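Those protein sequence lines, which keep their order, are chains F and Z.
With UniProt numbering, letter number 300 in the first sequence gets 300, and the count goes up by one each step, no holes.
With UniProt numbering, letter number 12 in the second sequence gets 12, and the count goes up by one each step, no holes.
By construction, these hints were calculated from the structure, which means they are not laboratory data.
All figures in this text were calculated on a predicted structure; none of them were measured in a lab.
Incorrect hints may appear among the rest.
Pairs involving identical chains hold if they fit within one copy or between any two copies, as the list cannot separate such chains.
Stated by the list, open to error - Quick list of in silico lysine-lysine cross-link-like pairs, DSBU-like style, CA-CA up to 35 Å: (1) Lys-135 x Lys-240; (2) Lys-135 x Lys-77; (3) Lys-208 x Lys-77; (4) Lys-347 x Lys-313; (5) Lys-347 x Lys-455; (6) Lys-455 x Lys-135.
There are 2 protein chains.
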Amino acid sequence: MTWETYLVEHQSQHQNELLQFLSIPSISSLPAHAADVQRAAQWVAGRLTAAGLEGVRILETGGHPVVYGEWLHAAEKPTILIYGHFDTQPVDPLALWTHPPFEPTIIEDRVYARGASDDKGNMFTPILGIEALLKTEGALPVNVKFFFEGQEEIGSPQLPAFIEQHRDLLACDLVVSSDGGQYSEDQPSLMLAAKGLTGVQIDVRGAKGDLHSGMYGGAVPNPIHVLTAILASMRSAEGKILVEGFYDAVVPLSEADRVAIAAIPFDEREYREQIGVSALLAEPGYTPQEHLGARPTLEINGIWGGFQGEGVKTVLPAEAHAKITCRLVVNQDPATIVDLIARHVEKHTPTGVQVTVRALPGTARPYLIPADHWGNQAAAAVLEELYGKEPYQVRVGGSIPVCELFLTHLGAYTVGFAFGLNDEQIHAPNEFFRLSSFRRGPLAYGKLLHRLAAK
Amino acid sequence: MTWETYLVEHQSQHQNELLQFLSIPSISSLPAHAADVQRAAQWVAGRLTAAGLEGVRILETGGHPVVYGEWLHAAEKPTILIYGHFDTQPVDPLALWTHPPFEPTIIEDRVYARGASDDKGNMFTPILGIEALLKTEGALPVNVKFFFEGQEEIGSPQLPAFIEQHRDLLACDLVVSSDGGQYSEDQPSLMLAAKGLTGVQIDVRGAKGDLHSGMYGGAVPNPIHVLTAILASMRSAEGKILVEGFYDAVVPLSEADRVAIAAIPFDEREYREQIGVSALLAEPGYTPQEHLGARPTLEINGIWGGFQGEGVKTVLPAEAHAKITCRLVVNQDPATIVDLIARHVEKHTPTGVQVTVRALPGTARPYLIPADHWGNQAAAAVLEELYGKEPYQVRVGGSIPVCELFLTHLGAYTVGFAFGLNDEQIHAPNEFFRLSSFRRGPLAYGKLLHRLAAK
Numbered sequence: 001m002t003w004e005t006y007l008v009e010h011q012s013q014h015q016n017e018l019l020q021f022l023s024i025p026s027i028s029s030l031p032a033h034a035a036d037v038q039r040a041a042q043w044v045a046g047r048l049t050a051a052g053l054e055g056v057r058i059l060e061t062g063g064h065p066v067v068y069g070e071w072l073h074a075a076e077k078p079t080i081l082i083y084g085h086f087d088t089q090p091v092d093p094l095a096l097w098t099h100p101p102f103e104p105t106i107i108e109d110r111v112y113a114r115g116a117s118d119d120k121g122n123m124f125t126p127i128l129g130i131e132a133l134l135k136t137e138g139a140l141p142v143n144v145k146f147f148f149e150g151q152e153e154i155g156s157p158q159l160p161a162f163i164e165q166h167r168d169l170l171a172c173d174l175v176v177s178s179d180g181g182q183y184s185e186d187q188p189s190l191m192l193a194a195k196g197l198t199g200v201q202i203d204v205r206g207a208k209g210d211l212h213s214g215m216y217g218g219a220v221p222n223p224i225h226v227l228t229a230i231l232a233s234m235r236s237a238e239g240k241i242l243v244e245g246f247y248d249a250v251v252p253l254s255e256a257d258r259v260a261i262a263a264i265p266f267d268e269r270e271y272r273e274q275i276g277v278s279a280l281l282a283e284p285g286y287t288p289q290e291h292l293g294a295r296p297t298l299e300i301n302g303i304w305g306g307f308q309g310e311g312v313k314t315v316l317p318a319e320a321h322a323k324i325t326c327r328l329v330v331n332q333d334p335a336t337i338v339d340l341i342a343r344h345v346e347k348h349t350p351t352g353v354q355v356t357v358r359a360l361p362g363t364a365r366p367y368l369i370p371a372d373h374w375g376n377q378a379a380a381a382v383l384e385e386l387y388g389k390e391p392y393q394v395r396v397g398g399s400i401p402v403c404e405l406f407l408t409h410l411g412a413y414t415v416g417f418a419f420g421l422n423d424e425q426i427h428a429p430n431e432f433f434r435l436s437s438f439r440r441g442p443l444a445y446g447k448l449l450h451r452l453a454a455k
Numbered sequence: 001m002t003w004e005t006y007l008v009e010h011q012s013q014h015q016n017e018l019l020q021f022l023s024i025p026s027i028s029s030l031p032a033h034a035a036d037v038q039r040a041a042q043w044v045a046g047r048l049t050a051a052g053l054e055g056v057r058i059l060e061t062g063g064h065p066v067v068y069g070e071w072l073h074a075a076e077k078p079t080i081l082i083y084g085h086f087d088t089q090p091v092d093p094l095a096l097w098t099h100p101p102f103e104p105t106i107i108e109d110r111v112y113a114r115g116a117s118d119d120k121g122n123m124f125t126p127i128l129g130i131e132a133l134l135k136t137e138g139a140l141p142v143n144v145k146f147f148f149e150g151q152e153e154i155g156s157p158q159l160p161a162f163i164e165q166h167r168d169l170l171a172c173d174l175v176v177s178s179d180g181g182q183y184s185e186d187q188p189s190l191m192l193a194a195k196g197l198t199g200v201q202i203d204v205r206g207a208k209g210d211l212h213s214g215m216y217g218g219a220v221p222n223p224i225h226v227l228t229a230i231l232a233s234m235r236s237a238e239g240k241i242l243v244e245g246f247y248d249a250v251v252p253l254s255e256a257d258r259v260a261i262a263a264i265p266f267d268e269r270e271y272r273e274q275i276g277v278s279a280l281l282a283e284p285g286y287t288p289q290e291h292l293g294a295r296p297t298l299e300i301n302g303i304w305g306g307f308q309g310e311g312v313k314t315v316l317p318a319e320a321h322a323k324i325t326c327r328l329v330v331n332q333d334p335a336t337i338v339d340l341i342a343r344h345v346e347k348h349t350p351t352g353v354q355v356t357v358r359a360l361p362g363t364a365r366p367y368l369i370p371a372d373h374w375g376n377q378a379a380a381a382v383l384e385e386l387y388g389k390e391p392y393q394v395r396v397g398g399s400i401p402v403c404e405l406f407l408t409h410l411g412a413y414t415v416g417f418a419f420g421l422n423d424e425q426i427h428a429p430n431e432f433f434r435l436s437s438f439r440r441g442p443l444a445y446g447k448l449l450h451r452l453a454a455k
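Make a model of the complete structure from these sequences and hints.
Structural data, given as structure tokens:
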């Protein structure tokens with residue numbers, strides 16, 4: 001029997017197992033569900049063992065656990081670490097669910113349940129692909145390590161330390177992530193880049209306390225005026241960032257990069273209508289698409305100071321504050337960006353006020369896998385074979401810290417290889433996963449491992 | 001007996017009457033004390049009648065009442081309307097009072113009580129001065145109308161309509177206000193000007209809802225960036241207002257005005273230390289003192305938008321808001337200033353956002369009595385006689401709407417003629433009034449009426 005036949009013959013069994021997996025309410029953000037997260041880990045460990053993986057174990061992290069399993073008998077072949085997560089988002093608002101979120105329900109070849117697409121349905125597919133290979137061919141074309149976590153939906157607080165402490169266990173040549181998706185049902189995509197993140201809070205302090213604007217207005221520096229002038233100096237109306245040195249480390253886009261970005265459909269009008277704005281920004285010299293995916297950003301996330309109530313209060317406030325985050329691209333360094341902003345603010349601070357800039361927690365380095373990386377090319381070839389189309393090379397504006405963690409601690413790039421689709425209501429009521437994707441996933445993983453063996 | 005001797009002989013009686021008046025808790029802001037405000041009105045009406053005033057009555061306003069009384073037998077002489085208020089501020093925090101606020105206590109020639117300086121002690125002095133004249137001379141040198149209100153501490157909500165509806169009753173040639181004070185115990189002052197007031201709220205709206213800065217940052221207009229750019233365009237770092245046309249109606253300061261302003265001591269270092277700032281602003285071409293008293297101001301009173309909590313939220317907010325108030329000088333018009341700001345904002349609004357400017361309630365016109373006005377000159381002469389020094393001609397940065405109301409509806413300027421001092425803790429715990437001021441007040445009013453007769 002070929003491994004592909006194995007998959008077809010076991011389809012209904014695998015589907016039943018998925019329903020079982022989805023019925024575990026492994027919500028990582030709610031302490032009351034900690035035991036369910038543990039239960040999901042046990043389910044995954046059991047399923048890895050059944051699939052033929054070795055050394056399967058549940059590892060403690062100090063928070064929700066990690067599940068590990070391996071098959072390392074492909075001498076001279078690369079080692080692939082397959083990543084995913086078995087925890088889920090909460091279900092609020094429960095009233096908007098058509099079916100109970102942890103009673104998975106199949107309707108018209110879709111399975112409805114919390115975690116169906118993100119990420120249980122997706123993370124199950126490489127297990128099944130590898131089981132099919134092991135049960136029919138008795139071996140894998142490459143070495144494989146599975147690394148599933150239970151805290152992705154709460155920002156993986158224990159993961160950085162865990163990965164650093166388990167470098168040897170997790171050592172690999174390439175990471176393949178089962179968390180993510182494709183561009184559409186008939187158009188594949190691969191994630192080439194994700195932005196880094198860094199943030200600051202700016203605090204401006206003037207007089208000892210709030211003052212009466214009639215008694216002091218005009219002669220006493222107003223922290224809100226100072227703050228607005230500082231903030232206005234940081235970005236042009238078109239969106240170009242004016243902080244000195246901000247773009248220095250940015251790797252310029254090549255002509256090929258720009259062609260790849262332009263190849264992805266972008267209906268500006270539809271985009272504008274969807275979010276309800278009449279015009280977009282675009283940094284001079286770049287399209288909105290390039291700005292969104294491949295250029296760094298600086299956004300004021302919040303501002304506050306003085307009187308915010310109804311009516312009038314003629315106060316000259318003592319303080320004003322703002323929070324800023326920047327999305328970074330390779331090779332911008334989060335700490336350097338904070339320093340540059342602090343220097344810019346200092347330069348624009350007038351006399352009579354104290355201004356401080358402090359770094360906010362939660363930074364991430366930008367991530368970019370070279371388009372011609374062997375892992376990326378193998379994944380692209382499999383997707384082209386399955387969809388009959390070249391995948392789009394997508395640069396996302398958000399941050400995916402785990403990619404950068406793997407690169408820093410394991411020296412390995414991550415290829416996103418998953419089959420979720422944009423309409424699948426992840427993090428929202430009535431999340432679902434297409435069973436066509438659930439059938440395609442194991443097949444795609446089987447093909448991918450064969451391709452990767454050719455490295 | 002001369003009227004001055006009458007005052008000396010009745011001193012202890014007058015002092016006892018003051019304690020009686022101060023024991024009425026006429027807090028206008030607290031509904032539970034409405035009857036006390038009414039009681040204070042009755043006390044004032046009774047005392048006016050006892051002093052020899054005629055036509056004394058309590059007039060309804062729709063809120064706290066007004067007390068009126070007159071003596072109109074000085075044919076061919078000017079009519080003087082004497083203004084004051086018999087309501088008080090609340091007493092919170094009560095624990096900080098050394099003596100109960102409505103059990104007036106005399107210590108070292110000071111009477112401690114809520115309302116002692118603001119304004120019961122002060123408003124009682126013209127009644128006593130006029131009583132002394134009537135009891136000894138049998139007549140007054142001018143026509144007098146008393147107009148005392150009971151809602152000053154809540155912003156006199158019913159007063160504009162009341163004054164407009166009672167133009168004939170209140171008709172006069174000059175208003176003298178018993179609400180206010182002197183520069184110091186040995187330095188007199190007169191209030192020449194008060195600033196007007198107008199305010200706007202600026203609302204900036206971008207996308208339909210808050211957006212993820214990773215998914216939309218860079219390409220979608222951020223209302224906080226737009227707002228900070230608009231606000232930064234409105235005022236220079238030195239404090240010059242950059243709204244086109246803002247200064248057009250301002251009457252320039254004459255050399256004499258500048259000399260009079262510079263004559264008032266101003267210790268910049270002490271001023272800075274008191275409020276805790278290391279440097280002051282000054283509109284180019286003007287001293288901080290000139291800016292404070294005689295130049296218009298534009299202050300952002302409050303700003304808000306997006307995320308204001310702890311930590312990081314990578315939101316691209318849908319809205320941002322700011323409140324601005326301007327203090328105006330003659331002859332700036334509050335409504336015109338709102339229009340100019342709206343036009344400035346419109347000019348600085350980029351595409352992709354909606355920006356609205358709306359006028360805030362609570363405007364006031366600027367007020368200025370010409371320094372050579374006969375009322376001002378008479379008051380100056382009396383003060384010089386009493387203190388042996390020329391009074392400072394003070395321009396206050398705050399707004400005193402009642403002066404402008406009297407000017408608009410009665411066509412009469414207001415001379416501030418009161419004896420409170422800056423350290424008397426008005427609106428704060430342990431308010432007090434110097435009994436030396438309480439003795440000086442009636443004498444000063446007697447002299448003033450004689451001087452005003454010479455017009």
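Structure versus earlier hints, numbers of those that do not hold, lowest first = 1, 3 and 5
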